[in-house]
Each structure stands twice: as C-alpha cells, then as structure tokens.
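Those protein sequences? They're chains A and B, same order as listed. Under our numbering, the first sequence has 15 at position 15, and the numbering climbs by one with no breaks. Basically our numbering = 1-based index in the second sequence + 55.
Rather than coming from a laboratory, the hints here were simulated on the basis of the structure. Just so you know, not all the hints are guaranteed correct.
Short derived list, chain A residues pointing at chain B, Cβ under 7 Å [to be verified]:
#1 Met1
#2 Ile8
#3 Ala15
#4 Leu18
Quick list of in silico lysine-lysine cross-link-like pairs, BS3-like style, CA-CA up to 30 Å [claimed, not checked]:
#5 B/Lys288 to A/Lys46
#6 B/Lys240 to A/Lys35
#7 A/Lys42 to B/Lys699
#8 B/Lys510 to B/Lys116
#9 A/Lys42 to B/Lys288
#10 B/Lys555 to A/Lys35
#11 B/Lys510 to A/Lys42
#12 B/Lys699 to A/Lys35
#13 B/Lys116 to A/Lys42
#14 B/Lys554 to A/Lys42
The following label-pair restraints were derived from C-beta to C-beta distances [to be verified]:
#15 B/Met293 to A/Arg47: 32 to 42 Å
#16 A/Lys42 to B/Glu189: 20 to 30 Å
#17 B/Arg264 to A/Arg47: 41 to 51 Å
#18 A/Arg47 to B/Ala146: 42 to 52 Å
Every residue gets a Cβ at the ideal spot worked out from N, C-alpha and C, and that includes glycine.
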Amino acid sequence: MTKTVNGIEVDVEKANRLLIWLVERESENLRSREKNDTEMAKFIAKRIEEEVQCL
Amino acid sequence: MLIKSVKVYNFRQFKGEQSLDFATDAKNNVTIVMGPNGSGKTALAQAFKWCLYGETDLGDKSVFCKAVELEMLQNTKESCHVQIVLEHKGAPYTIRRTMRVRKEYGGRLKEDPPELSVASKTPDGQTKSIPTPELRIREILPKDLSRYFFFDGERIEKMRGEIGKGKSKEFPAAVRSLLGLDAMKVAIDHLNKVIRRYDESCDPHSDARMHGYARRISELNTRIDQISQRLDKLGAEMETADNRCIELRQRILENKASEELAQQKARLEKLRNDLIKQRDGAVAQMLEIFNKDALDFFAAPWMQDAMKTLKKADKLDKGIPDIHARTLDYLLKRGVCLCGCSLEKDSEAWETIEKIRDFIPPKSIGTLLDNFSDECALRAKNASGFFGQMEHHYGIVRDHAKNYGENEEAIKELVEKLRGREDVGHLQADLSRLEQHLSSLRNERELLIREQGSKETELQRLETERRDLALKDKSNRRIETFKAYAQAMRDSLNGTYSKKEAEIRNDLAKTVDSIFRRIYKGGFSLALDENYNIAINVTDVEGWRGDTEVETSTAQGISVCFAFIAGVIELARRNKGDSGLTSEVYPLVMDAPLSAFDKTRIRAVCEELPCVAGQVIIFIKDTDGDLAEEHLGRKVGRRYTFDKKTEFETLLREGR
Chain A
1 MTKTVNGIEV DVEKANRLLI WLVERESENL RSREKNDTEM AKFIAKRIEE EVQCL
Chain B
56 MLIKSVKVYN FRQFKGEQSL DFATDAKNNV TIVMGPNGSG KTALAQAFKW CLYGETDLGD
116 KSVFCKAVEL EMLQNTKESC HVQIVLEHKG APYTIRRTMR VRKEYGGRLK EDPPELSVAS
176 KTPDGQTKSI PTPELRIREI LPKDLSRYFF FDGERIEKMR GEIGKGKSKE FPAAVRSLLG
236 LDAMKVAIDH LNKVIRRYDE SCDPHSDARM HGYARRISEL NTRIDQISQR LDKLGAEMET
296 ADNRCIELRQ RILENKASEE LAQQKARLEK LRNDLIKQRD GAVAQMLEIF NKDALDFFAA
356 PWMQDAMKTL KKADKLDKGI PDIHARTLDY LLKRGVCLCG CSLEKDSEAW ETIEKIRDFI
416 PPKSIGTLLD NFSDECALRA KNASGFFGQM EHHYGIVRDH AKNYGENEEA IKELVEKLRG
476 REDVGHLQAD LSRLEQHLSS LRNERELLIR EQGSKETELQ RLETERRDLA LKDKSNRRIE
536 TFKAYAQAMR DSLNGTYSKK EAEIRNDLAK TVDSIFRRIY KGGFSLALDE NYNIAINVTD
596 VEGWRGDTEV ETSTAQGISV CFAFIAGVIE LARRNKGDSG LTSEVYPLVM DAPLSAFDKT
656 RIRAVCEELP CVAGQVIIFI KDTDGDLAEE HLGRKVGRRY TFDKKTEFET LLREGR
C-alpha cells in the first residue's frame with residue numbers, strides 16, 4: 001500500500017517498519033543516553049536512506 | 056526508579072555518617088522509619104529533596120548539623136552531604152550533594168554553595184560521572200512531580216489545591232513522561248530534525264532558483280524556531296506572572312482589613328510624636344520659668360519675714376531719700392538750709408537737722424532698707440505667678456505620661472493585630488507592576504503569533520515551489536523521497552502519540568477514580584481533564600450536576616492526593632514493557648502520611664499503596680506507626696527507629 005506525500009509515493013508498510021524500529025531505538029537511547037539529539041537525527045536519516053534505497 | 060539507600064552525613068540532626076537501606080523486594084517493598092515528634096523524621100524525608108534539587112521545605116534552611124557546628128573550633132572546616140543510590144530504567148545511579156562549611160573567627164558559619172554529582176555505571180561495569188547532573192535528575196524525576204512522590208502529609212492541603220488546579224504547564228508533560236510517552240515524543244522531535252536536514256541538503260546549484268529558495272527557507276525556519284522558543288518562554292513567564300497576580304490579589308483581599316489598621320496605627324504614631332513635642336515644650340518652659348523666678352519664689356518667705364522684722368523695728372520710711380550726712384554737714388557749715396532758713400548753732404532748726412543725721416547714711420540704713428523693700432515688692436510680684444505657671448506646665452507633663460502610655464498600649468495592640476499581615480500598599484504596588492509587565496508580555500506574544508503565521512505561510516509556499524523544482528532534478532528528487540518518508544513517519548507518529556496520550560489519560564482517570572473509591576469509600580468520583588487536573592464529583596446524590604466540583608474535607612483531599620499519586624505510579628508500572636512506552640516503577644516516600652485519616656482509611660491506604668507503588672518508604676510517628684505496621688503486615692521489608700539523643704542529635708537504628 002502506498003500514499004502520496006508531497007507528490008512522492010511512500011510505501012506505508014516500509015514507513016511503519018521504520019517507525020517501529022525508530023521508537024525502539026529511542027526507548028533504548030533514553031535508557032543508555034548513548035547518542036545525543038544530533039547523532040540520533042543522523043542515525044535516523046541514515047536508516048531511512050538505507051531502507052528507501054532498497055525500494 | 057527504586058531507591059536502594061540513603062546516606063546522610065552531618066545533615067540536620069544526623070551527626071556523622073548514618074545510612075538506611077530500603078526494602079526493594081517486590082513482595083516486601085515497604086520500609087518504615089518510626090520516631091517520636093521532633094526526632095528528625097521530616098528532616099530525613101527532606102534529605103531526598105535536598106539531595107536531588109538542592110532545596111528543602113524546612114523552616115530553617117540551614118541543613119548543616121547544629122551539634123557539629125557547636126563542636127567546631129573557629130577557622131575550621133567541615134562538610135555535610137546526602138547520598139542517594141537508586142536504580143532508574145535499569146541503570147544504577149549514585150547522586151550526592153555536598154556542602155562545605157567554615158566556622159569563621161567570631162563563630163559565624165559560612166556555607167559554600169552545595170555541589171551536586173551524579174554517577175552511573177556503564178553496561179561493562181565502569182563508573183561514569185554524568186556531566187550534566189541537574190539535567191539527568193530532571194529526566195529521572197522532574198521536580199514538578201517529585202512532590203507527589205516525596206510526599207509531605209503535613210502540607211497535604213496545598214497539594215490538594217495543586218492537584219485540583221493551578222499546576223504548571225510542565226506538569227502534564229512531566230506526567231506524560233512518567234507514563235512512558237517520552238520515546239514517541241523524542242522520536243517526533245528527531246524526525247523534525249531529519250526533515251530539516253533534508254531541506255538543507257538539497258543541491259542548490261542544480262537550479263539557480265534553488266539557491267534562493269534554500270537560503271530563504273533556512274532563514275524562515277531559523278526565525279520560526281526563534282519565535283517558537285520565545286513564545287514558549289513567554290508562555291512560561293506569563294503563567295508565572297498570572298499566578299503571581301492571582302496570589303497578590305488574594306493576599307490583598309486577605310489583608311484588606313489590615314489597611315485600615317495600618318492607617319489607624321499611622322494616626323496613633325503621629326499622635327505619639329505630637330505628645331512628645333508637647334511634653335518637651337512644657338519641660339523647656341518649666342526650666343525657663345525655674346531659671347527666671349525660682350529664686351524669688353523660694354526666697355519669698357524669707358523676704359516676708361525680713362519685711363515684718365523691719366516694720367516692727369520702725370526703721371522704714373524715716374530717712375530722706377538720697378540724702379547723706381555729708382549733705383547735712385555742708386548745710387550746717389554754710390548756715391543756711393535748703394529752704395533758706397538760717398541755721399544757727401544750737402537753734403531749733405540746727406537741732407532738727409542734727410536729729411535727721413540719725414536716719415540717713417552713713418549713720419542710718421533707712422534708705423537702704425527702703426530700696427530693699429522696693430526690691431522685695433518687685434520679687435514678690437514675680438514669684439506670685441511662678442507656682443501657677445509651673446503647675447500648668449507640670450500638668451502637661453503629667454497628662455503626657457498618661458496619654459502617652461494609653462497611646463503606646465493602643466499602638467502595641469495594633470502591632471499585634473498587624474503581625475503576620477502584609478502591607479497592602481506594597482502588595483498593590485507589586486500587583487500594578489506585575490500587571491503592566493503581563494500586559495507588555497501579551498502584546499509581545501500577539502506580535503510574535505502574527506509574525507509566526509505570516510512566516511509559516513511564506514514557508515509553506517516556498518517549500519511547495521522548491522519541491523516542485525527539486526523533483527525536476529534527479530539528485531534533489533532522491534532527497535525529497537527520503538524527506539517524504541520522514542514526513543510520513545512523523546505524521547503517523549503524531550497521530551499515534553495523540554491517540555496513545557488520550558488512551559493513557561483515560562486509563563489514568565479510571566485508575567485514579569478506582570483507587571480513590573477504594574481508599575475513600577464515599578459517594579464521590581474523580582474526573583481528570585486534559586491537563587491532568589482532578590475534580591471531585593458527587594455520585595450518590597440524585598440531581599447533582601456532574602460538572603460541579605465539591606469542597607473537600609481534609610481526609611477527602613488526602614485521599615485524592617493518594618489516589619492521584621498511586622494512579623500515576625500504577626499506570627507507569629503497568630505500561631512498563633509496553634512497546635513504544637518507556638515507563639518505570641516509582642517509589643513513594645511519605646512523611647507523616649496518615650495523620651489526617653481515621654482508622655478505616657488508614658487501613659485502606661496501607662493495603663492499597665504497597666500494591667501500586669514499586670516501593671514505599673514511610674516516615675511516621677510512633678503512634679500512627681504501630682497502626683500502619685499492623686495493616687502493612689507482611690509488606691514491611693525493613694524497619695528503622697529514630698533514637699533522639701538531644702534536640703540537635705538523633706541516631707538511626709535498624710529494627711524496632
């Protein structure tokens with residue numbers, strides 16, 4: 001299933017998978033405090049790019 | 056969060072180092088610390104607050120042990136500290152606040168600002184010092200919420216008011232954090248950052264116009280962020296100012312009567328000054344009159360005696376004024392009297408002149424006596440008014456003593472009445488200043504909101520234009536795709552967050568209500584609004600309007616507080632492990648929690664709390680403690696007692 005965001009087709013399943021991964025990582029990071037905000041943003045962007053490029 | 060132990064060193068009544076290990080076992084999670092009045096229960100309960108937030112609710116703000124202070128020599132140093140070992144989200148923490156003191160020459164104790172340190176252990180067992188200890192404590196237990204977990208039974212009424220209404224805006228955020236919504240919240244924030252990164256990473260050289268869009272969009276984003284931050288600050292400032300205005304208005308209203316009393320006191324103080332002036336004037340007059348007429352007055356009896364004696368001696372009025380014997384000698388020698396008569400020796404006229412010689416100087420003092428008599432008459436006249444005038448002025452002084460005393464009594468009474476009341480004039484001035492400040496904040500906010508709206512509209516337009524342009528370029532289209540995923544994730548998460556938050560709030564409302572009914576066992580129910588404010592509604596009276604909150608008794612108020620705290624704790628525990636939620640178990644540290652309850656409710660509370668809280672630590676006076684222990688029964692894992700040595704020194708002992 002897809003939906004259009006800003007004129008671009010987004011795979012909803014893939015976005016949901018990314019979301020589950022994201023919330024788990026955030027929970028983990030809240031416990032460990034391993035990454036700061038900037039590092040987390042970079043980390044998330046990298047993961048999105050990896051997933052999206054597998055399309 | 057579970058508290059493993061606390062160590063106090065030279066803190067309040069606790070001389071040297073003393074420590075308590077708390078029960079953390081799930082089955083026996085209650086620690087009872089019992090002691091008589093004044094033994095340091097509240098001080099020890101407040102040690103948690105001081106360690107975590109650097110403040111206490113104690114009247115005497117100095118936390119350094121008085122017993123140690125008394126023993127310290129001049130120019131020597133000492134310190135006090137509180138150390139808490141706790142576990143939060145699986146990580147162990149050692150939190151320590153230390154204050155160094157020095158006794159100066161002259162005996163005054165100088166306290167250095169307390170230092171906070173937080174250390175934790177890494178998964179490989181290494182101890183790591185946390186560089187931002189205050190921030191970490193805020194994450195473990197926000198101060199705004201701490202008062203519900205470090206619970207002071209003696210200040211329950213205030214707490215009830217706060218739970219009902221008037222909590223800060225941070226409060227709902229703090230509750231949401233405790234209930235485990237943090238991970239979603241930070242995920243949304245991070246996705247926004249990711250979207251911004253994509254905006255900034257489009258290749259501006261792919262099209263000349265892209266560069267212009269990128270620059271302007273970046274400027275707009277920066278300004279919108281600034282506005283947003285300023286609006287947040289303004290909101291907090293306005294809330295503080297608003298609350299302060301409400302408090303001032305209330306205080307002005309409460310002290311209205313004191314305004315009249317203060318005016319009355321000012322009038323009496325003016326009268327006091329007038330009376331003092333009047334008395335000083337009378338005393339000055341008396342001194343002047345005394346200096347001038349006292350001699351005449353006191354000499355008057357002697358003068359009268361002298362006059363009487365002179366009169367009897369018939370020495371007065373026989374001489375010829377200003378005639379001296381030399382004058383008569385001259386007349387006799389010349390042989391002619393002043394009247395022209397001849398003065399022949401042994402004639403009758405000669406004999407008469409010779410007789411006069413006896414009454415004039417130097418042979419007679421008649422003339423002197425005449426002069427003396429005149430002087431006496433004059434002085435007697437002066438002295439006649441002396442007594443009257445002195446009496447008049449002395450009367451003023453005497454009246455002053457009476458009036459002054461009565462006036463002082465009246466002032467004293469007014470001072471007594473005004474004691475503890477506030478100066479309405481100052482309050483009014485503060486209120487006016489604050490209202491002006493509030494008005495300028497409102498103006499600033501309105502301007503910022505208008506600017507924010509226009510900037511956001513421009514941003515949306517530019518983003519659409521840029522996106523359309525970006526899609527024409529291969530490299531930028533790739534970035535726009537990533538951004539679209541990030542946006543889709545953020546929008547989906549926003550929806551989930553709102554839904555989950557509403558679910559949790561409803562769940563909390565039900566949990567709090569159910570705990571309240573179990574504890575209070577009355578015809579009331581609790582309702583929770585979107586800001587987590589609680590209202591009590593009557594459920595067993597037909598026709599009662601559900602939206603009308605009822606005035607609560609002390610026991611109801613305490614039950615509400617217990618129910619709210621227990622509800623948050625239970626939900627936090629229940630949500631632990633739920634995917635997407637980052638919740639935790641929480642302890643309850645309670646100082647004198649049962650003093651306002653009857654036996655039935657003590658039983659209900661004692662049965663309820665250990666089941667919902669991960670850990671319960673109760674500081675309690677011996678009489679309530681026996682009852683609590685009876686109901687808590689098997690749940691009690693550890694017991695401590697206070698052994699009060701002196702007013703300044705208490706020892707902690709394990710067991711009863």
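Here's how the hints hold up against the structure:
no.	hint	verdict
1	Met1	12 Å, violated
2	Ile8	4 Å, holds
3	Ala15	5 Å, holds
4	Leu18	6 Å, holds
5	B/Lys288 to A/Lys46	33 Å, violated
6	B/Lys240 to A/Lys35	16 Å, holds
7	A/Lys42 to B/Lys699	58 Å, violated
8	B/Lys510 to B/Lys116	49 Å, violated
9	A/Lys42 to B/Lys288	28 Å, holds
10	B/Lys555 to A/Lys35	26 Å, holds
11	B/Lys510 to A/Lys42	27 Å, holds
12	B/Lys699 to A/Lys35	49 Å, violated
13	B/Lys116 to A/Lys42	47 Å, violated
14	B/Lys554 to A/Lys42	28 Å, holds
15	B/Met293 to A/Arg47: 32 to 42 Å	40 Å, holds
16	A/Lys42 to B/Glu189: 20 to 30 Å	26 Å, holds
17	B/Arg264 to A/Arg47: 41 to 51 Å	31 Å, violated
18	A/Arg47 to B/Ala146: 42 to 52 Å	25 Å, violated
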